[in-house]
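Top to bottom, those sequences are chains S and R. Numbering of the first sequence is given in the numbering used here, commencing with residue 275 and proceeding in unit increments. Numbering of the second sequence is given in the numbering used here, commencing with residue 84 and proceeding in unit increments.
Simulated from the structure, these hints should not be mistaken for lab results. Among the hints, a few may not be true.
Said to hold, decoys possible - Derived Cβ-Cβ restraints for the label pairs, each shown as a range:
{"hint": "1", "chain 1": "R", "residue 1": "Ile113", "chain 2": "S", "residue 2": "Asn414", "range": "41 to 51 Å"}
{"hint": "2", "chain 1": "S", "residue 1": "Tyr315", "chain 2": "R", "residue 2": "Leu149", "range": "34 to 44 Å"}
{"hint": "3", "chain 1": "R", "residue 1": "Leu93", "chain 2": "S", "residue 2": "Leu379", "range": "30 to 40 Å"}
{"hint": "4", "chain 1": "R", "residue 1": "Leu149", "chain 2": "S", "residue 2": "Pro538", "range": "17 to 27 Å"}
{"hint": "5", "chain 1": "S", "residue 1": "Ile382", "chain 2": "R", "residue 2": "Leu149", "range": "33 to 43 Å"}
{"hint": "6", "chain 1": "R", "residue 1": "Leu149", "chain 2": "S", "residue 2": "Glu534", "range": "13 to 23 Å"}
Unchecked claim - Examples of chain S residues toward chain R, derived with CB under 7 Å:
{"hint": "7", "residue": "Ala433"}
{"hint": "8", "residue": "Leu505"}
{"hint": "9", "residue": "Val516"}
{"hint": "10", "residue": "Phe585"}
{"hint": "11", "residue": "Met601"}
{"hint": "12", "residue": "Phe608"}
{"hint": "13", "residue": "Ala609"}
Yeah, the Cβ is synthetic: ideal placement off N, Cα and C, and Gly gets one too.
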Amino acid sequence: MSSDPKKESRFERFMRWAEGEDPAQDREVAEDPERAEFMEYLEYLDSHEHMDFGAYRLMRYRERAAKGMPRQETHSHEPTAVQPARGGFSWLRHRPGQFRRQVRLYRILSLAVAAVLMVTLTAVTLSMPGFGNPAAPALNEVSGRYLEKGLEETGAVNAVAGMILDYRAFDTFGESTVLFAAAMSVILLMRRPGQAEGEEEPTDRILSQVGRLILPAILMYGVYVVLNGHLSPGGGFSGGTVLGCGLILASLALGRRAMERLLPPERLTHLTVGCLLAYGLMKGYSFVTGANHVGWEIPKGTPGAIFSAGFILPLNICVGVIVACTMYTFYTLFADKEG
Amino acid sequence: MTVLEIVLLLFLVFCALAAVLTRHLVASVIIFMSYSSVMAILWLLLESPDLAITEAAVGAGVTSLLFFLALRKVKALKGVDEDEQ
Numbered sequence: 275m276s277s278d279p280k281k282e283s284r285f286e287r288f289m290r291w292a293e294g295e296d297p298a299q300d301r302e303v304a305e306d307p308e309r310a311e312f313m314e315y316l317e318y319l320d321s322h323e324h325m326d327f328g329a330y331r332l333m334r335y336r337e338r339a340a341k342g343m344p345r346q347e348t349h350s351h352e353p354t355a356v357q358p359a360r361g362g363f364s365w366l367r368h369r370p371g372q373f374r375r376q377v378r379l380y381r382i383l384s385l386a387v388a389a390v391l392m393v394t395l396t397a398v399t400l401s402m403p404g405f406g407n408p409a410a411p412a413l414n415e416v417s418g419r420y421l422e423k424g425l426e427e428t429g430a431v432n433a434v435a436g437m438i439l440d441y442r443a444f445d446t447f448g449e450s451t452v453l454f455a456a457a458m459s460v461i462l463l464m465r466r467p468g469q470a471e472g473e474e475e476p477t478d479r480i481l482s483q484v485g486r487l488i489l490p491a492i493l494m495y496g497v498y499v500v501l502n503g504h505l506s507p508g509g510g511f512s513g514g515t516v517l518g519c520g521l522i523l524a525s526l527a528l529g530r531r532a533m534e535r536l537l538p539p540e541r542l543t544h545l546t547v548g549c550l551l552a553y554g555l556m557k558g559y560s561f562v563t564g565a566n567h568v569g570w571e572i573p574k575g576t577p578g579a580i581f582s583a584g585f586i587l588p589l590n591i592c593v594g595v596i597v598a599c600t601m602y603t604f605y606t607l608f609a610d611k612e613g
Numbered sequence: 084m085t086v087l088e089i090v091l092l093l094f095l096v097f098c099a100l101a102a103v104l105t106r107h108l109v110a111s112v113i114i115f116m117s118y119s120s121v122m123a124i125l126w127l128l129l130e131s132p133d134l135a136i137t138e139a140a141v142g143a144g145v146t147s148l149l150f151f152l153a154l155r156k157v158k159a160l161k162g163v164d165e166d167e168q
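In isolation and in its complexed conformation, chain S is listed as follows (with noise of 0.2 Å):
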């Protein structure tokens, strides 16, 4: 091995020791009890094919010795690179038996901090005006107008529609926009080509027969959501996010095959570009027409009816798209085995 034992390393002492032809050590080195627990822990390592710090430097370790070189040409492990804290450092540096103490310091200002988050929030709460309190100041002009022109001014009969879709249709252009980079960001990051391959059919008979009852009812009730949002309860996120579960249902109960035919990945990122780009140039028009009285309103129709309510009914269904193969998208990315 080495000529100069000084000069080595200490995981390369180490791993001499472990290997059982360490020649400075003077007991009989295969009656070790402590080489021996050692190389049952690395036989556990190995059959539970569990890699943790030392059994990768472990291999590492065997591949060079493999290979006819058994020094690494590295500084970082050296004796000498373990410095001691220098300057005002010194009291960060690990001593024995410190641990604990810090332990339970964690622990006493943890609870101190909960304690006092938990004082603030309660007051807060309780000195916070009460439910349906005249005098509170959220009650304002607002939400008067939106409560007493909504109807007149968007055309939809469900206010909370008219809200976050005509006056606040902004906002809800910025969620979507969130969903869409959220979606890109996880398929770049977990998505690997040709994965598709390889995907079982279901073999849960109950759950596939369940699935294949239920299904039609979860996918109606998330499209009468979606399309009823200006008229009932309900709209574009929620009837987006009912469709979401649908598709995943439909995933587990008819194989990710069968769904990959329908709806491939493509698809559904065409899908949410297309919707994204639709709800913008949607929202642009209101900037031409909206403030300016030029007069190319879109025609608000008899409120109550299923056509009314201008871009309303238009932008939940986009709305519900993003949502639904957001949803999903998630889904297929994360439900991989190997992933």
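Please build the complex by placing chain R on the supplied structure of chain S, with the hints as guidance.
Okay, now just chain R, sitting in the frame of chain S:
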């Protein structure tokens, strides 16, 4: 405040504490699902059905599903992937 609301609110607090304090991760996620379902009913009683639909779909549906996927990723979901071994 009706008796139903008081019962639901007490159950809500119980679910919140149980979801945090339970040791079993799968049980924790299921308790969280029941928390979301009760919260959806409470939204309905507070006259905001839009939030009720969203809470039921997101809280009880998608979030729990993502939790289960995460548990399967870290191999904490026992009895599901046994057939592989």
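Okay, the hints, checked on the actual structure:
no.	hint	in the structure
1	R:Ile113 / S:Asn414: 41 to 51 Å	holds, 42 Å
2	S:Tyr315 / R:Leu149: 34 to 44 Å	holds, 36 Å
3	R:Leu93 / S:Leu379: 30 to 40 Å	holds, 36 Å
4	R:Leu149 / S:Pro538: 17 to 27 Å	holds, 22 Å
5	S:Ile382 / R:Leu149: 33 to 43 Å	holds, 34 Å
6	R:Leu149 / S:Glu534: 13 to 23 Å	holds, 21 Å
7	Ala433	violated, 10 Å
8	Leu505	violated, 12 Å
9	Val516	holds, 5 Å
10	Phe585	violated, 19 Å
11	Met601	holds, 6 Å
12	Phe608	holds, 5 Å
13	Ala609	holds, 6 Å
Comparing the model with each numbered hint stated earlier shows that hints 7, 8 and 10 do not hold.
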